[in-house]
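Trainee: The chain contents come next:
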Amino acid sequence: MSALLEVKNLHSRIDEREILKGIDLTVNPGEIHIIMGPNGAGKSTLAYTLMGHEKYEVTEGEALLEGKDLLDMKVDERAKAGMFMSFQTPEVIPGITVENFLRTAKTAVTGEAQKVIPFKRELMKNMELLNMDVKYASRYLNEGFSGGEKKKNEILQMLTLQPKVAILDETDSGLDVDAIKVVADGVKAFAGENNAIIVITHYDKLLSYLNPNYVHILVDGKIVKTGGAELSKIINEKGFEEFIK
Amino acid sequence: MGNYVKYRARAKEHFEALPYPAWKRIGFSDYAEPVIGREEVKVEIHSELPLVGAENLTPEQAQAFYDRINQRTYGVNPKFVAFSESQSNFSKLYYVKRNQVVEKPIHIRFDLSEISTLADEHLIYAEKGAEVSLILEYHADNLVREKASEYHIGLIKVIAEENAQVKVYVAQTLPESKVHIMNAVAECGRDARVSFYSVNLGAEVVASDYRSFLMGDYSSSDIEGIYLGEAENKLDLSYNIQHYGQMTDSMIEVNGALSGRAKKVFRGDLYFHRGSKASTGKEAEFVILLNQEVKADSIPALFCDEDDVSGEHAANAGTVDENKLFYLMNRGFSETEAKKLIIRASFSGVLDHLPSEELVQRLEKELEGKLIHV
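Protein chains in written order, with the numbering used here: chain A, 123 to 367; chain B, 1051 to 1424.
Derived by calculation from the structure, the hints in this document are not laboratory data.
Each hint should be verified, as a subset may be incorrect.
Derived CB-CB ranges, DEER-like [unchecked claim]: (1) B:His-1096 / A:Glu-234: 52 to 60 Å; (2) A:Glu-315 / B:Glu-1226: 53 to 61 Å; (3) B:Glu-1362 / A:Ser-124: 57 to 65 Å; (4) B:Lys-1154 / A:Gly-162: 56 to 64 Å.
Please read all numbers here as calculations on a predicted model, not as lab measurements.
A virtual CB, placed ideally from N, CA and C, is assigned to each residue, including glycine.
Bound conformation, chain B alone (with noise of 0.2 Å):
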């Protein structure tokens, strides 16, 4: 059992000790408190890796995870950390042992239809030279009828090893009565690649924070986000990416588009700290603005305390591409085939690194269903 008892109890004690957090930026406050039910998380997993719940984990891997990590700031707020790693209702442990490749993407689908809250804790541990890919994909097709405010809470944890690679994917197609909370982090130590991608279709709220700290040198992180945000979302998107190592190499690329009244703020912070010598990161986040009615804030921000690096930041939001929208059209697309088109288009960039043919056919299903009134 490693001391993962003794964690989960004092994670315990720290969720209770902290106040849950109110969203001024997206303006959401007096939301009820997530209750873990009796129901059974559904779930399907295919996995050539074998799994084990977090129960499992070696006394280091728990002080990797539970003590080490847990000294870096991260996470959307530390309520819904402590949240998910007390009272997680599926955890598991995916350990890939040293220079160990596990081909096949290991794919994870939750089905939240039944269930009133999914805290879902993630650990990956991929030692040297290992590599893995995980895709989370969250869903509740077969919900019979919506009850306000149920909750994912995810929290994924990334510990990369020299010259491991990790790849995670998470999508989410949840419907208007879910509130999406995701807590992602890694640790990439020298040589490390770690890649988040994260594709946002659903949720009345969505509140994420991806978040890499490159210790290792020439480590590298990349996050890329698409989301769509209809009537009255509100979306909370954080990506952060903390240069420690030498010659470390970052990359944010977030694509959105917002209809309806629906709200959105993106935080894109890199963090070049004192001894990051060489290392180079860029952020870049556009936005479809479908019509006036919807509020977009981006935050782009660079941090330097060393001089020898180069970090550079571009975003633009504006509506959809006049000259994209005329050419589409001039080929018989009325304006709202073509208007979808270009919002496609504009998410190919994730869509296409899906290694999931099966899933992109899905969130192309699910794109398709939405924006029909763009």
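Extracted from the complex, chain A is given alone in its bound form (with noise of 0.2 Å):
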């Protein structure tokens, strides 16, 4: 089996910076992977690297979607090329709404038309899935959203644009319980045999919902231990003092 995405040595900083200091990890097809790890360690950054956020400047490495460096691609190119990110503080942009700008996202990640019809009815199949009110269809983007409808809201542009990988930074902060379970609901019903899931975390709250083939541990840059979901048990009771030098 080839790798999906593959993560070589990866290096990145900010201003000057370093704040990976040298990334491995191979997510192959069908597989959910949890990074969790302390504030500062790096696991939003990892997430700006790979999706090609300016401001991270990668100095080493190297990553891969398919075999194609995802380096050399812009932004936009690479949601084209299968990438997805869930922003933990997705912007608000008024003038366009939720369903006018997820079927433009659509046609712009396909590269073909969507039809109004089949689309607007998919729109609220996966509405209803996360139990967002279909009104919320016709509003502008996140505009007066909850922080959860927000969050909600990340989740169904992933079931739209259905991504070969997506990551999750953080899409559980700042939601109740029920959210949780919306959110982890609407996860397992993307997560199929032809993509993967890469979900930054806190907490092990969305892991209880999700069967994850790995957890990695990323303290300062750099992945110090993987494992199975045991180990976000061992963070749940102890911490990640044990695996901060």
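Both chains come to you apart, so use the hints to assemble them.
Mentor: Dropping the structure here:
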């Protein structure tokens, strides 16, 4: 089986400060990976670097999506190639409705025009799964949405765009138990044998609903330990202390 | 005829005595003088309110519009105010009687494709408790060939008596060959509210002055604008609210984007005169700079002759928000598409207020066709 995403010795920095200090990560189709770590370890930096935010400069290493060099691509090219990131704080974009935004985005990533009615039917189905009021489809993107609705909207976008690799950056933070369960249902509905999910999180709340293949502990810009779901239990009980040298 | 003819003759004398202004701020001078030609003014009018020309003003109305209001300073320049007053080739009186509510916005759509100069004059007289909205749209979509320095010189005067509510929407999508000059002034009585919304998506040169005089207690006014400057466009935008009454309230908010080598000067003045106790006002201007060649000056000012008032101002000029750009590109939008969406988003405050879906669609199409090089 060839890897979907392969990250080798990835270093990246922001404003001259090195944050990622050599990340190695292999993600195969059908897998769910969890990345945990203390604040400031570089979890979000890994997500932003893989997605190509211009503030994060890659100084060494490589990242390949299905063998293609991701680091050479612009942000939108990465999205078109199959990368997706769910944001911790999604941006508010008045002037475009959720439905129009998603239809345009889907057209952009697939390169195929989306027919209005089948698209809408699919959107409604996904909104129902996420327990979202369908009225949100005709509201401006994230304008006046609560924290929880914004996060659900991110998952809705993932379900709509059907990426190959979805990185969920702290999608569970700030959510109550019910909302976490709904988000987890959305993630489970998305997970399949042709895609992969990387969940970045502080806590094990979302983990209890998912069945991850791997849990990675990220400390000071490096993955210091990789294991199964049992690792998250250790973290839950003892914190990250034993992994911090 | 009221005293209209007399006032028009007087305005002509006034016009002839004044020199043409030079716009040092935006570097616009040596321009051709506007001349009213014989071409017919092409216009579509949708109005449930019967409209008549300015020659039908009552003597009281004529006095209010040409004597009383003209004692105040307003307009881009008195030369152009006098031009519209003396030589207008389109004039309308919008007379809304006591407590009359004009349900549907009056929509006037000018086609400047075949006219060298349009000088239009709009006189809105809203009596006590009256409500009316007016949309003025200026385009030249059927232009055959561009001739340099053709003019649109507009004049809007609003008298809003006690508790009247008036909204005026001005949207122009003129081509590069046109100069758009707009002079707008409102006088608000007690509890009256006047709102101006301006949309500037075209014209080589834009010079506008929107001004409200809050004379009555509890009166209020808001002026909101959006603009897009491209290529060598020059924009001189002035927004001005004068507080006289007590407990009056004002708001100025302008959002714009500049690309190419466009130049823009924004002046926003809130003036709290003595006696305007417990009044409040705020103004804000935000501009997105799409490259380094553009020039954007912002001059917000608060003047206070009264202690017991509250005024705020904010201004921000910067490049496209990189986090928004990253978010949108993450969803597959190209950099250009993402920037257009961000600009559209910054315009939504005004576009969402427009009471005509058709107009919004036309403006969105216009925006879509522009910004191709951002």
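Trainee: Indicate, hint by hint, whether the structure satisfies it.
Mentor: Here is how each hint holds up against the structure:
1. B:His-1096 / A:Glu-234: 52 to 60 Å: Violated, at about 40 Å.
2. A:Glu-315 / B:Glu-1226: 53 to 61 Å: 56 Å Cβ-Cβ, so the 53 to 61 Å window holds.
3. B:Glu-1362 / A:Ser-124: 57 to 65 Å: Since the Cβ atoms of Glu-1362 (chain B) and Ser-124 (chain A) sit about 59 Å apart, the hinted range of 57 to 65 Å holds.
4. B:Lys-1154 / A:Gly-162: 56 to 64 Å: 59 Å, holds
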